[in-house]
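Using the sequences provided together with the hints, build the complete structure.
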Amino acid sequence: MAAVESGNELVLEVEDLRTYFSTRWGTVKAVDGVSFDLRRGETLGIVGESGCGKSVTMLSLMRLIPTPPGEIVSGKIVLQGQDILQLTENEMSRVRGSQIALIIQDPMTSLNPVFTIGNQVNEAIQIHQDIPKRSVLQHTLDVLRKVNIPAAESRVKDYPHQLSGGMRQRVVGAIGISCEPAVLIADEPTTSLDVTIQAQYLKLLKDLQQQQNLALIFITHDFGVVAKMCDRVAVMYAGRIVEMGNVREIFNSPSHPYTEALLASVPKLEEDVDRLYAIEGQPPALHDLPAGCPFADRCPYVMDRCREEYPNIFQVSETHKAACWRLS
Amino acid sequence: MTTASQPAGTTEQDSPLLEVRDLKKHFPVTKGLLLSKTTGYLKAVDGISFQIERGKTLGIVGESGCGKSTTAKLLLMLEQPTEGRILFEGEDIHHTDADHRRAYRSNVQAVFQDPWSSLNPRMRVRDLIGEPMVINWDVPKREIEERVEKLLHDVGLSSYHANLYPHEFSGGQRQRLAIARGLSLNPKMIVLDEPVSALDVSIRAQIMNLLKDLQREYEVSYMLIAHHLATVRYMCDWVAVMYLGQIVEYAEVKELYNNPLHPYTKALMSAALPSHPDIEQDEIILTGEVPSPLNPPEGCRFHTRCPFAMDRCAVEVPETKEVVPGHTTSCHLY
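If you read the sequences in order, they're chains A and B.
Quick note on numbering: our numbering labels position 3 of the first sequence as 3, and the sequence is numbered without any gaps.
For our numbering, add 328 to where a residue sits in the second sequence, where the first one is 1.
Everything labelled a hint here was simulated from the structure, so no lab data went into it.
Careful: at least some of the hints might be erroneous.
[As the list claims (entries may be wrong)] Counterexamples of contact, computed for chain A against chain B with all Cβ distances above 12 angstroms:
| id | residue |
| --- | --- |
| 1 | Met58 |
| 2 | Glu153 |
| 3 | Gly224 |
| 4 | Val273 |
| 5 | Asp274 |
| 6 | Tyr277 |
| 7 | Pro290 |
[Stated by the list, open to error] Straight line, CA to CA, 30 angstroms or less: simulated BS3-like cross-link-like pairs of lysine-lysine:
| id | chain 1 | residue 1 | chain 2 | residue 2 |
| --- | --- | --- | --- | --- |
| 8 | B | Lys582 | B | Lys649 |
| 9 | B | Lys359 | A | Lys268 |
| 10 | A | Lys268 | A | Lys203 |
| 11 | B | Lys594 | A | Lys146 |
| 12 | A | Lys76 | A | Lys133 |
| 13 | B | Lys401 | B | Lys582 |
| 14 | B | Lys384 | B | Lys365 |
| 15 | B | Lys594 | B | Lys649 |
| 16 | A | Lys206 | A | Lys76 |
| 17 | B | Lys582 | B | Lys478 |
| 18 | B | Lys359 | A | Lys157 |
| 19 | B | Lys649 | B | Lys401 |
| 20 | B | Lys401 | A | Lys203 |
| 21 | B | Lys582 | B | Lys384 |
| 22 | B | Lys594 | B | Lys540 |
| 23 | B | Lys540 | A | Lys268 |
| 24 | B | Lys352 | A | Lys268 |
| 25 | A | Lys133 | A | Lys157 |
| 26 | B | Lys352 | B | Lys384 |
| 27 | B | Lys594 | B | Lys384 |
| 28 | A | Lys157 | A | Lys203 |
| 29 | A | Lys268 | B | Lys384 |
| 30 | A | Lys206 | B | Lys594 |
| 31 | A | Lys29 | A | Lys76 |
| 32 | A | Lys268 | B | Lys582 |
| 33 | A | Lys146 | A | Lys76 |
| 34 | B | Lys594 | A | Lys203 |
| 35 | B | Lys540 | B | Lys401 |
[As the list claims (entries may be wrong)] Covered by chain B, according to a simulated footprint, are these stretches of chain A (three or more residues, beta-carbon under 8 angstroms):
| id | stretch |
| --- | --- |
| 36 | 8-22 |
| 37 | 188-197 |
| 38 | 215-223 |
All C-beta atoms, glycine included, are put in the ideal place defined by N, C-alpha and C.
Quick look at the structure:
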């Protein structure tokens with residue numbers, strides 16, 4: 001494994017990932033040809049609505065797709081030089097948590113209610129790190145302090161129900177970073193938190209990222225989180241990335257009509273908006289996708305070609321690309 | 329106790345649709361055998377006053393535990409207030425006869441956050457939307473059916489939807505059904521409790537625009553409970569910011585967003601997410617979490633988290649002052 005310590009080293013490369021589910025309605029192409037890469041210290045936002053495939057992408061990266069009914073049918077996920085789709089389950093369980101870790105959305109259900117938080121944090125440490133038993137507690141305390149848990153010495157003995165939502169989410173974060181992974185995936189980490197607690201948590205994630213030079217993937221539906229946190233953005237629709245670029249490129253000149261519509265449909269905190277743009281209709285069912293562009297039915301710029309062929313990916317700038325026939 | 333003063337500068341001479349004066353709701357905290365001993369009170373709502381004008385929207389913003397949902401329940405008469413008055417068209421709803429109370433209940437309807445749990449899965453759409461009318465109105469069945477069809481049409485659905493069950497609809501469509509049901513009795517006010525936060529981003533704008541259109545068409549007032557500040561800015565005419573059972577700031581929407589006075593409002597604004605990566609925000613990150621309403625801090629309730637706290641904040645309860653005409657806040661800084 002290449003262990004280069006340079007700042008911009010590539011840590012994750014996803015190439016043409018396809019994850020399908022077989023259901024009684026037919027094959028659901030939840031993720032259908034997703035490619036992106038990620039460098040150390042960088043934050044990538046994956047934005048989309050429910051059912052667009054963002055969570056399945058994340059589960060595929062962790063190799064946590066329930067099989068059956070799901071299956072990663074093709075693609076490559078190269079994590080620090082190693083294609084994790086080629087690993088056995090045993091090898092993968094050593095990678096999971098130590099090289100790539102996950103913060104799940106709901107801190108109420110992702111912690112085990114019958115173990116103390118100390119137990120749950122040091123479980124990850126004991127599995128992945130070869131440190132003597134007596135220093136595990138010390139290590140656990142260090143990790144809890146890193147995520148700003150006040151009075152960590154007494155808190156390690158608390159059970160999840162004794163903590164507030166914000167604290168629980170910190171504990172989940174602590175488990176995520178306990179083994180200093182190269183890539184940390186945060187799946188809607190703040191949706192269940194209050195506004196001021198959300199601000200604290202986002203700041204914490206940013207600080208941790210800087211300290212450990214983490215590569216972060218933010219899965220979210222909220223462009224506000226993207227604006228605040230991300231360097232690059234991938235917008236997903238119906239299982240594919242429809243637009244990808246630097247955060248300013250996406251906000252200043254969205255090139256896919258879906259991105260443009262999404263940005264126009266969000267109310268702004270800083271200015272009065274007379275009337276929001278509302279995208280008509282609903283996302284298509286994934287088991288019954290139309291032949292052409294899946295956004296065609298809702299797109300204000302739809303052309304005949306859009307209904308026949310899935311659009312190619314066009315390069316808008318060196319770092320910015322989108323899948324739309326208007327760019328051809 | 330703090331009392332938000334009447335918002336001055338209301339130009340209309342006639343009384344507001346709804347007026348709340350010094351409303352309190354204290355839940356007893358009990359323990360012992362059969363919960364016989366009362367050990368204290370949870371002051372969920374502790375002396376709030378506001379008005380809702382006809383055809384306008386009041387937004388109530390605050391974090392969990394600030395009392396905004398209890399306020400909604402009080403207005404819907406699902407809870408009895410401990411103290412204070414709710415005046416609807418000038419009449420105190422708790423000191424009036426049963427007929428008036430019944431009329432109030434049909435005049436004030438609700439739309440809740442989660443359209444998956446707020447619609448009875450065993451009822452067809454026609455019965456869901458028609459039920460309030462069957463109960464409250466003495467009109468022939470045919471008329472009710474006609475009205476159900478009109479309501480479905482008004483919320484952007486069509487008449488064939490009347491025969492379906494809720495599970496056959498998507499989240500956005502269900503919220504439309506809930507809105508149609510809320511409108512069925514021609515209410516004068518609807519309490520909207522986080523009406524879009526359970527929906528997908530692209531659907532939220534549809535529902536917000538629908539609510540605004542219906543407000544104009546049906547001349548209905550809204551009380552919107554939300555935590556998302558940008559949504560409140562888009563939807564509301566007046567905003568009340570709540571913290572631990574009290575209103576800490578109350579102003580017209582433009583004034584509040586352009587000139588937030590209370591440190592808590594400022595912190596909320598700076599914690600809200602920007603709409604563009606280039607927008608610079610003030611960094612007021614509050615430490616700690618909202619204290620328990622069982623044992624709220626002495627003095628100003630916000631002083632434990634306030635970046636501008638002074639000595640007197642810990643002892644003295646700040647009075648509510650009208651700092652700018654129509655804009656009140658409770659803070660020792662002013």
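Results of checking the hints against the structure:
no. : hint                  : verdict
1   : Met58                 : 18 angstroms, holds
2   : Glu153                : 18 angstroms, holds
3   : Gly224                : 3 angstroms, violated
4   : Val273                : 6 angstroms, violated
5   : Asp274                : 10 angstroms, violated
6   : Tyr277                : 7 angstroms, violated
7   : Pro290                : 17 angstroms, holds
8   : Lys582/B <-> Lys649/B : 19 angstroms, holds
9   : Lys359/B <-> Lys268/A : 47 angstroms, violated
10  : Lys268/A <-> Lys203/A : 21 angstroms, holds
11  : Lys594/B <-> Lys146/A : 27 angstroms, holds
12  : Lys76/A <-> Lys133/A  : 37 angstroms, violated
13  : Lys401/B <-> Lys582/B : 27 angstroms, holds
14  : Lys384/B <-> Lys365/B : 44 angstroms, violated
15  : Lys594/B <-> Lys649/B : 17 angstroms, holds
16  : Lys206/A <-> Lys76/A  : 28 angstroms, holds
17  : Lys582/B <-> Lys478/B : 35 angstroms, violated
18  : Lys359/B <-> Lys157/A : 26 angstroms, holds
19  : Lys649/B <-> Lys401/B : 27 angstroms, holds
20  : Lys401/B <-> Lys203/A : 35 angstroms, violated
21  : Lys582/B <-> Lys384/B : 14 angstroms, holds
22  : Lys594/B <-> Lys540/B : 27 angstroms, holds
23  : Lys540/B <-> Lys268/A : 16 angstroms, holds
24  : Lys352/B <-> Lys268/A : 33 angstroms, violated
25  : Lys133/A <-> Lys157/A : 17 angstroms, holds
26  : Lys352/B <-> Lys384/B : 24 angstroms, holds
27  : Lys594/B <-> Lys384/B : 25 angstroms, holds
28  : Lys157/A <-> Lys203/A : 26 angstroms, holds
29  : Lys268/A <-> Lys384/B : 20 angstroms, holds
30  : Lys206/A <-> Lys594/B : 22 angstroms, holds
31  : Lys29/A <-> Lys76/A   : 17 angstroms, holds
32  : Lys268/A <-> Lys582/B : 13 angstroms, holds
33  : Lys146/A <-> Lys76/A  : 33 angstroms, violated
34  : Lys594/B <-> Lys203/A : 18 angstroms, holds
35  : Lys540/B <-> Lys401/B : 23 angstroms, holds
36  : 8-22                  : violated (count 0)
37  : 188-197               : holds (count 4)
38  : 215-223               : holds (count 3)
Consistency note: the structure conflicts with the earlier hints numbered 3, 4, 5, 6, 9, 12, 14, 17, 20, 24, 33, 36.
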